[in-house]
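Each chain, letter by letter, is given below.
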Amino acid sequence: MPAPIIKVKDLTFRYDKRSEKETLANVSFTIDKGEWVAIVGHNGSGKSTLARLLVGLLVPQSGLITIAGRELNDESKWDLRRRIGMVFQNPDNQFIGTTVQDDVAFCLENLNMSFDEMKARVDEALEMVDMSSFREHDPSRLSGGQKQRVAIAGILALKPDVLILDEALVMLDPRSRRELLASLQQLRTTQNITIISITHDMNEAAAADRILMLREGHIEKCGPPQHVFQGEIEWEPPFAERLRRTLLKRNRSVPNRYMTEEEMVQWLWK
Amino acid sequence: MAMEVIFDNVSADYQLGPIRSPLVLHSVDVTIKSGSYTAVVGYTGAGKSSFLKAMNGLLLPKEGQISIGTSVIKPDKNKKALKSIRKRVGMVFQFPESQLFAETVEKDICFGPINFGVPKTEAKEIAKQVLEQVGLQQDILKKSPFSLSGGQKRRVAIAGILAIKPDILVLDEPGAGLDPNGRKEIMDLISSWHRDRGMTTVLVTHDMEDVVTYADRVIVMEKGQVVLHDDVEKVFSNHEQLEKWHLDVPDARRFQLNFEKKTGILLPKVCLTIDDLADAFIEVGLA
Amino acid sequence: MNKLILGRYFPGDSWIHQLDPRSKLLACIYFIFVLFLANNWQTYALLWIFTLVVMYLSGVSFKTYLRGVRPLIWLILFTVFLQVLFTSGGTIYVDWGPITISEFGITNGIYIFCRFVMIVFVSTVVTLTTKPIDLTDGINSLLRPLRALKVPVDEFALMLSISLRFIPNLLDETQKVMDAQAARGTEFGEGSLVKQMKTLVPIFLPLFVSSLNRAEELANAMEVRGYQSGEKRSTFRRLTWQKRDTLCLLFMLALTAGLAFLRADGSILH
Chain Y
481 MPAPIIKVKD LTFRYDKRSE KETLANVSFT IDKGEWVAIV GHNGSGKSTL
531 ARLLVGLLVP QSGLITIAGR ELNDESKWDL RRRIGMVFQN PDNQFIGTTV
581 QDDVAFCLEN LNMSFDEMKA RVDEALEMVD MSSFREHDPS RLSGGQKQRV
631 AIAGILALKP DVLILDEALV MLDPRSRREL LASLQQLRTT QNITIISITH
681 DMNEAAAADR ILMLREGHIE KCGPPQHVFQ GEIEWEPPFA ERLRRTLLKR
731 NRSVPNRYMT EEEMVQWLWK
Chain A
3 MAMEVIFDNV SADYQLGPIR SPLVLHSVDV TIKSGSYTAV VGYTGAGKSS
53 FLKAMNGLLL PKEGQISIGT SVIKPDKNKK ALKSIRKRVG MVFQFPESQL
103 FAETVEKDIC FGPINFGVPK TEAKEIAKQV LEQVGLQQDI LKKSPFSLSG
153 GQKRRVAIAG ILAIKPDILV LDEPGAGLDP NGRKEIMDLI SSWHRDRGMT
203 TVLVTHDMED VVTYADRVIV MEKGQVVLHD DVEKVFSNHE QLEKWHLDVP
253 DARRFQLNFE KKTGILLPKV CLTIDDLADA FIEVGLA
Chain E
2 MNKLILGRYF PGDSWIHQLD PRSKLLACIY FIFVLFLANN WQTYALLWIF
52 TLVVMYLSGV SFKTYLRGVR PLIWLILFTV FLQVLFTSGG TIYVDWGPIT
102 ISEFGITNGI YIFCRFVMIV FVSTVVTLTT KPIDLTDGIN SLLRPLRALK
152 VPVDEFALML SISLRFIPNL LDETQKVMDA QAARGTEFGE GSLVKQMKTL
202 VPIFLPLFVS SLNRAEELAN AMEVRGYQSG EKRSTFRRLT WQKRDTLCLL
252 FMLALTAGLA FLRADGSILH
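Note that the protein sequences, when read in sequence, are chains Y, A and E.
Under my numbering, the first residue of the first sequence is numbered 481, with each subsequent residue one higher.
Under my numbering, the first residue of the second sequence is numbered 3, with each subsequent residue one higher.
Under my numbering, the first residue of the third sequence is numbered 2, with each subsequent residue one higher.
Hints listed in this document are in silico derivations from the structure and should not be mistaken for laboratory results.
Computed from a predicted model, the values in this text were never measured in an experiment.
Check the hints yourself; a few may be wrong.
The list that follows gives simulated cross-link-like pairs (lysine to any residue, SDA-like), each with its CA atoms no further than 20 Å apart [what the hints assert, rightly or not]:
#, chain 1, residue 1, chain 2, residue 2
1, A, Lys167, A, Phe118
2, A, Lys271, Y, Asp610
3, Y, Lys501, A, Ser151
4, A, Lys264, Y, Trp747
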């Protein structure tokens, strides 16, 4: 039985301390080791705020965040940042190094790691994201998708438990998004890393084991994709589900449950 | 008013100091019909941005010429003439909100019209109108553009171009970086502008769903050349060619190709939308 | 901007290219000082031979070096002009009221011209054969001892390397904003000085705002990746001092000896 790697209890956060409006209000949930959880919500739902709270960039007004059994606070955050890393939305504004390998090495330098160990980890991390042949490239020669891979490698070099993607695919074209998503799924299997993806792309969310739907600071729905998308009208569901609903509307005898693309192909093929 | 755009054997490059770059546009011969909605697609570096910039003289042709209606851009085009062309070709670059600079939204929207000689009071009136057309409230006019949300900033930026009252609208990925709802709203806005005014619209995009949903013609570019210029359905029917040009296809088409490859069962037509797929599967009796 | 050769990097693998940036920097600075040992045509000839050999070894065409001098030519000629007019001694060639041109004046004028041009050439050799980031690493390494005096050398080095990394981005953004404003009817370089200054506001303001935004996002990314100012960090980029670097410094000593020998102050050759 996988143990929770992240425990969030009664988390409350307000950007403007004077106002009544709570960006996050008493949010509680747990995430198990190796799980892929997607956090979805409209702008202002609190999803990005939640991500920042999880890496200690923001301090909650009240509530508790526990990562790998340890409470997240001002003292522990620096240590915990070795266990939980985040990739941001803008591929350029998180690329610090002059070249790909310099950037991946950045967080290892911060840990005052020896050169030999750094070299080994950088090579390993670049291999994991298929960017080994780009190690000496400077960022102006990389596409958005490639830069995001480097960002992911930079976090993987720390050998963390959790990887948070804060709308990390939003600025990429659809094809790069699909490719990166596939790479992440593979990474999850080979590295057993826990993934939290903050997104409003339902195709991205459908790749997750569980979806947390936030609305105005509260968790509105929580569960596996088939559970969350069933009967969901506000969010446009993933492709295969839309096809199923279209066929349903035309009175075709499609199964009355959420289906993935694979399942759809199988059913049509019979 | 005939607002056709004709590229006549246009080649262009960039001059960087003493160095001339390789050709970014190579003997481009293309006619964009008045009132059409054309999507320009192609792999990164294919020349799409150069193609756009050539349309309002930001990139002057080295050879050949570009006609915008009755005005012509030639290699030696003078500045005054270019300015009048820029009034007619409204260009919305990617992430247009990054060009906002004025103290108030009103001043920023009026910037374009005033540059083109519109008197201030008239410009302010226009600002009010376009603001409504992009779906924003009038009370935003006096606010600083930097105090707005991302989606609002983008609309203000687009309003700033619409305020110029161009005859052609050229856009580079207007929905980039927005959430699905935001994207849809902006794309619908552009679409209604296109329909209501018969405005010739050119859209550079990587999103094939947008191409299928909104455009009627597609220009495919590769290595600075136009390799295909045809109707939407015809362009997507040849998927080997599209592979060669590193192009994506709409989700429905991808599903179809994946299905056909896995099962060996061919569907009767090229499916570009979910409705097409539903029709096709029903027709072959699989659904 | 594009005509400025001083400061540009020309990739290559010449002997000079492969030198450690520290030896190049030290040699260059030393050269500038040792120039003042020259006081007769023999010493200047030796210096010229040295300079031309170094330029040849760099593998970059002489034409490029000449282009580097061109922007400075007026400054150089002006200084020469002053030298000629205000140094007197030896045979008088021209005596025309307040203007006196003497033998010493001409000689000194030529010497000053040589010094100037040689300094430009040698500095250009350094910048043409050394990547900006390597130069930064070199400067950082040489200034390391200042850390004992609490000078934040490492922080400056990081600031410098991040600034360098973003130069292409800034140039790109500037072009994009200029294009966008030109599309809205702005005419650059036209009209009165005041009018031209006004057209710069729609360029600078957006760039400024975007830079602030970038700074914030970078700071967040750096913090999440464990960067703490003041904490001890290792470096992934390493400079290795090799035999050729020691050789380079030995050449400088040889040059000094040569100059001392050839100097005009009662030595053997005169």
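Each hint, compared with the structure:
{"no.": "1", "hint": "A:Lys167 - A:Phe118", "verdict": "holds, 10 Å"}
{"no.": "2", "hint": "A:Lys271 - Y:Asp610", "verdict": "violated, 37 Å"}
{"no.": "3", "hint": "Y:Lys501 - A:Ser151", "verdict": "holds, 17 Å"}
{"no.": "4", "hint": "A:Lys264 - Y:Trp747", "verdict": "holds, 13 Å"}
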